[in-house]
Amino acid sequence: MDEKYFPKKIEQKWQKKWAESGAFNAKIEDERPKFFQLEMLPYPSGNLHMGHVRNYSAGDAMAWYKRLKGFNVLHPIGWDSFGQPAEDAAVKRGVNPRDWTEDNIKAMRGQLERLGVSYDWRRQMFAHRPEYYKFDQWFFLKMYEKGLAYKRMTQVNWCSHDQATLSNEQASGGICWRCGNPVIKKDLEQWFLKTTAYTDQLLDDMAEIEAGWPANVLKRQSDWIGRSEGAFVDFEIRASGDSMFYCPIVDGLTSTTDLGANRVRVFTTRIDTIYGANSLVLAAEHPVIQANLHNFSAEVAEKIAFIRAENAKPADHEAEIEKDGIATGLRAVNPFSGEELPVWVGNYVMMDYGTGALMSVPAHDERDFEFATKFGLPIKQVITRENALLMRLSIPEKKADDFPVTELVEAFTEYGTVINSGEWSGDTSADAKKEMAEYAKKYFFGEAATTYRLRDWGISRQRFWGSPIPIIYCDKCGVVPEAYENLPVELPATAPFTGTGESPLAKVPEFYNTNCPKCDGPAKRETDTMDTFVDSSWYFFRYTDPGNQILPFDPAIAAYWTPVDQYIGGDDHAVMHLIYARFWTKVLRDLGMVKFNEPFKRLLTQGMVVGGTASFDDGGKRHYVQPEQVNVVKDEKGRVVSATSIVHITGTARIIKPGDELEHSIERMSKSKGNGVDPDEMVEIYGADASRLFVMFAAPIENELVWNEAGIEGAVRFLRRIWEMTFRWKEGLANAPSTMPHFDPQGCQIIRPLRQKTHQTIRRFDENMENLKFNTTVASLMEFMNSISNFDGAWSKVLEAPIEFEHASNFAMKEALYALALMLTPFAPHTAEELYSVIIGNEDGMLANGALFPAYDEELARADEIEIPVQVNGKLRSRVMASPGASNDQLQQMALADEKVREYIDGKDVVKVVVVPNRLVNIVVK
RNA sequence: GCCGAGGUGGCGAAAUUGGUAUACGCACUAGUCUUAGGAACUAGCGUCGAAAGACAUGCGAGUUCGAGUCUCGCCCUCGGCACCA
635 MDEKYFPKKI
645 EQKWQKKWAE
655 SGAFNAKIED
665 ERPKFFQLEM
675 LPYPSGNLHM
685 GHVRNYSAGD
695 AMAWYKRLKG
705 FNVLHPIGWD
715 SFGQPAEDAA
725 VKRGVNPRDW
735 TEDNIKAMRG
745 QLERLGVSYD
755 WRRQMFAHRP
765 EYYKFDQWFF
775 LKMYEKGLAY
785 KRMTQVNWCS
795 HDQATLSNEQ
805 ASGGICWRCG
815 NPVIKKDLEQ
825 WFLKTTAYTD
835 QLLDDMAEIE
845 AGWPANVLKR
855 QSDWIGRSEG
865 AFVDFEIRAS
875 GDSMFYCPIV
885 DGLTSTTDLG
895 ANRVRVFTTR
905 IDTIYGANSL
915 VLAAEHPVIQ
925 ANLHNFSAEV
935 AEKIAFIRAE
945 NAKPADHEAE
955 IEKDGIATGL
965 RAVNPFSGEE
975 LPVWVGNYVM
985 MDYGTGALMS
995 VPAHDERDFE
1005 FATKFGLPIK
1015 QVITRENALL
1025 MRLSIPEKKA
1035 DDFPVTELVE
1045 AFTEYGTVIN
1055 SGEWSGDTSA
1065 DAKKEMAEYA
1075 KKYFFGEAAT
1085 TYRLRDWGIS
1095 RQRFWGSPIP
1105 IIYCDKCGVV
1115 PEAYENLPVE
1125 LPATAPFTGT
1135 GESPLAKVPE
1145 FYNTNCPKCD
1155 GPAKRETDTM
1165 DTFVDSSWYF
1175 FRYTDPGNQI
1185 LPFDPAIAAY
1195 WTPVDQYIGG
1205 DDHAVMHLIY
1215 ARFWTKVLRD
1225 LGMVKFNEPF
1235 KRLLTQGMVV
1245 GGTASFDDGG
1255 KRHYVQPEQV
1265 NVVKDEKGRV
1275 VSATSIVHIT
1285 GTARIIKPGD
1295 ELEHSIERMS
1305 KSKGNGVDPD
1315 EMVEIYGADA
1325 SRLFVMFAAP
1335 IENELVWNEA
1345 GIEGAVRFLR
1355 RIWEMTFRWK
1365 EGLANAPSTM
1375 PHFDPQGCQI
1385 IRPLRQKTHQ
1395 TIRRFDENME
1405 NLKFNTTVAS
1415 LMEFMNSISN
1425 FDGAWSKVLE
1435 APIEFEHASN
1445 FAMKEALYAL
1455 ALMLTPFAPH
1465 TAEELYSVII
1475 GNEDGMLANG
1485 ALFPAYDEEL
1495 ARADEIEIPV
1505 QVNGKLRSRV
1515 MASPGASNDQ
1525 LQQMALADEK
1535 VREYIDGKDV
1545 VKVVVVPNRL
1555 VNIVVK
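Per the numbering used here, the very first residue in the first sequence carries number 635; after that it's consecutive.
Derived by calculation from the structure, the hints in this document are not laboratory data.
Where a beta carbon is used, it is the ideal one built from N, C-alpha and C, also for glycine.
Be aware that a few hints might be false.
As a list, the in silico DSS-like pairs of lysine-lysine whose alpha-carbon atoms are at most 27 Å apart [unchecked claim]:
1. Lys768 / Lys1158
2. Lys703 / Lys650
3. Lys1534 / Lys1546
4. Lys1141 / Lys726
5. Lys1141 / Lys853
6. Lys650 / Lys740
7. Lys638 / Lys1364
Derived DEER-like restraints, expressed as beta-carbon distance ranges [unchecked claim]:
8. Asp733 / Asn1483: 41 to 49 Å
9. Met984 / Asn1405: 40 to 48 Å
10. Glu1417 / Ala653: 33 to 41 Å
11. Glu1081 / Gly1155: 45 to 53 Å
12. Lys642 / Ser862: 53 to 61 Å
13. Asn1405 / Arg727: 40 to 48 Å
14. Lys1075 / Gly1226: 51 to 59 Å
My request is simple: use the sequences and hints to build the entire structure.
Have a look at this one:
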């Protein structure tokens, strides 16, 4: 065995041993409690980046921690291998997406193996393989049967020049990224999964996971779902003048009751302000507006068309959109006041929220206020702060006539007391809200209602590289689901890739020509594929039973492993993926396949790894470039144009300009995601263990991690010091007695402190790991190592040591190094395994030996003496040593007797002495 | 604009949850050993000060024997949402 630390050598050795012995293969068993450790599966881009390393290092730390705590651990990995990049590669480089994907997976698996992540590789799932996506289709059919999958028209981005649909990204700025022509919204039939069937559960079940999930993720999800309590109110529409207006029934999307032909339903959260409504404002797309277009004046119709066109453009969130609108000439009757109001079209009213129509109450809504101010509409105050005067403030540039009612300088949006509202005047807002909604219901023109921001999940993609939607269109039978026995609907080997966004499968007759499962007549397949988020919504269930050919998984097997005990991934998935997976789990529950509501008991969102220090070689010398020294110039899209930096090379400043040899280094570290740092390179230079250890140590896991390559060397040093210490004591460890030998009390005094430190560290380790505080865990191991090193130094100075001392010190050192090796495992498993084998004297590995973390012994961890700080008037003046059990009186006596303390208190009155047992003494004098 | 998180040495960060502020690491400085070092080891390292000591956790007040931690008011940074009726 080599006594010098060569990471590469031992890493390869243990990776081979683990693979050969199937060390991480999980199977169901009774004896131990189970633990399902899951990390978000990677997209196989071909390269791991440091963000992955951080994610998988954290997951592996948990997996090892739980194994050595006696859990039966399931720790799998798979590939989110459907998606656009494979198709882009096909277009750009003419490669087959399947080959490209498989090659990337092979490469990335190699990278993960070189990092030594402890996966059960037998359970890998591959989203793009028929064995997996067969069950995407299976689920789709189940949802279709339950009415959870349906098809409807929706708007997509459409380039009329290219005749292609575009993603939002491709339609950025309202212009086609390919040809530069304007993008319009086009109606297209799309398949949807009914996530809204579970809206309330998605919101309410958060209570179950509150303790284990980051608050900000829960917050973002509930914002996304956006429950809003209010009321529907129906306004009767009348024509003005002599034109005849046709007002259609508002369709099912926007109403819950049949409104008849002449009503418009609005949603409001502030029905208590309805007497302040000055108009009804409708979205340009509103059916009532669209149906009446031909009745409007040319000017009005043109304006509406303009607003509609503007709405169709993808939103630019950076610029605030100015309020715009036009009065249509229609009139609406306020059902409470009987007042007749003008009907406007406004650009700030969205068709896909609420009912696409709102009552405008400028006095009590900021947007309505802005709208009314711009168009000189009346503003009537109907809510007032309780016990306060009305705010009558003038706006100089407006004439009094413009504001026939009360003038406000800004909207008063708080709750208060209702005024100017007929019989409701004098009520509180809260009472009025409730009573007015009841009143509306009683007289059939409205009701209390809840609306949501959450929409159904559109899963149709006009793409090749995804799971085909298993639907068949038959001229005779209509829309027919594919039969279960015909699954999977397999992708053809290839398809014409144009990159224009049309469905490539629509150009493959061998694919779309089929027979109807019902009548066996000729029929055509759906040529759209599913959103890749479908694959990641249930993949973790597949890990539990990866070989099942009949079902996505056996419910009995899944019942053992799931729910996931700990999930780890980036918070960029805080909303989409995690909502979809939660939705899917609820569907599974209703299908009777699982018995719980929530798939992930605990969630950890790790921060991003961002560019930081890069290194470069300068004639054999390695330099590091600090992030704060870099001045990066970006273009308006945030891309790096150039980077200038001052680099300190051993004291001398050096200016780097674009075009310098360092440009590459600086540019790569300036990239937002740290993609430029190549994990393979880190493993090659420093070793997998040091790289992983450093990533876990450098910052709290939930923080952003600024990459600092120089820091890894500290991790290498730490590992080497443990290594060298273990080998230094190799002989002593081999000869160590199995129990602490009896030894004279005096001698014990120089042995015991190490045992104390050992057990204190064990205690801290447990606390930190359970709370996922990896950085402080590593810090405490470093402290422990420093301590071992100090004892080693002190003991080597003991001359003419009796044999008892040798036994005792061997025992204590073995206890310390053994504990250290095991506690190191979650962060540096290869090194830890090697050290363990040295200490224990066999090479089978921890798991084969059934190794467990040593137990914490409270007795041993207790200190003989503790240092008690003594303050005078809150300022630290001295310290006294006391035994842990010392009484308050004793502590007080010691403190008052202390020489340094006396300097501060002599000649003064001691007013009070505060004693915190085992903590501190504070003497208050005057 | 709204919501959320956060501001502690040159840097990443600790702080037993109201009790010794700056653990651990990086960087830096000096020394030892070396042909040499970018290796290893030893020591130092918040600011001011020769020292004693004083002052320090974004700023300002407050509560307390005692505040990085609690309360109030500001300032700044980073995330999320964005006309949600």
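Consistency of the hints with the structure:
| no. | hint | verdict |
| --- | --- | --- |
| 1 | Lys768 / Lys1158 | 19 Å, holds |
| 2 | Lys703 / Lys650 | 24 Å, holds |
| 3 | Lys1534 / Lys1546 | 18 Å, holds |
| 4 | Lys1141 / Lys726 | 19 Å, holds |
| 5 | Lys1141 / Lys853 | 44 Å, violated |
| 6 | Lys650 / Lys740 | 17 Å, holds |
| 7 | Lys638 / Lys1364 | 13 Å, holds |
| 8 | Asp733 / Asn1483: 41 to 49 Å | 43 Å, holds |
| 9 | Met984 / Asn1405: 40 to 48 Å | 43 Å, holds |
| 10 | Glu1417 / Ala653: 33 to 41 Å | 34 Å, holds |
| 11 | Glu1081 / Gly1155: 45 to 53 Å | 47 Å, holds |
| 12 | Lys642 / Ser862: 53 to 61 Å | 58 Å, holds |
| 13 | Asn1405 / Arg727: 40 to 48 Å | 47 Å, holds |
| 14 | Lys1075 / Gly1226: 51 to 59 Å | 37 Å, violated |
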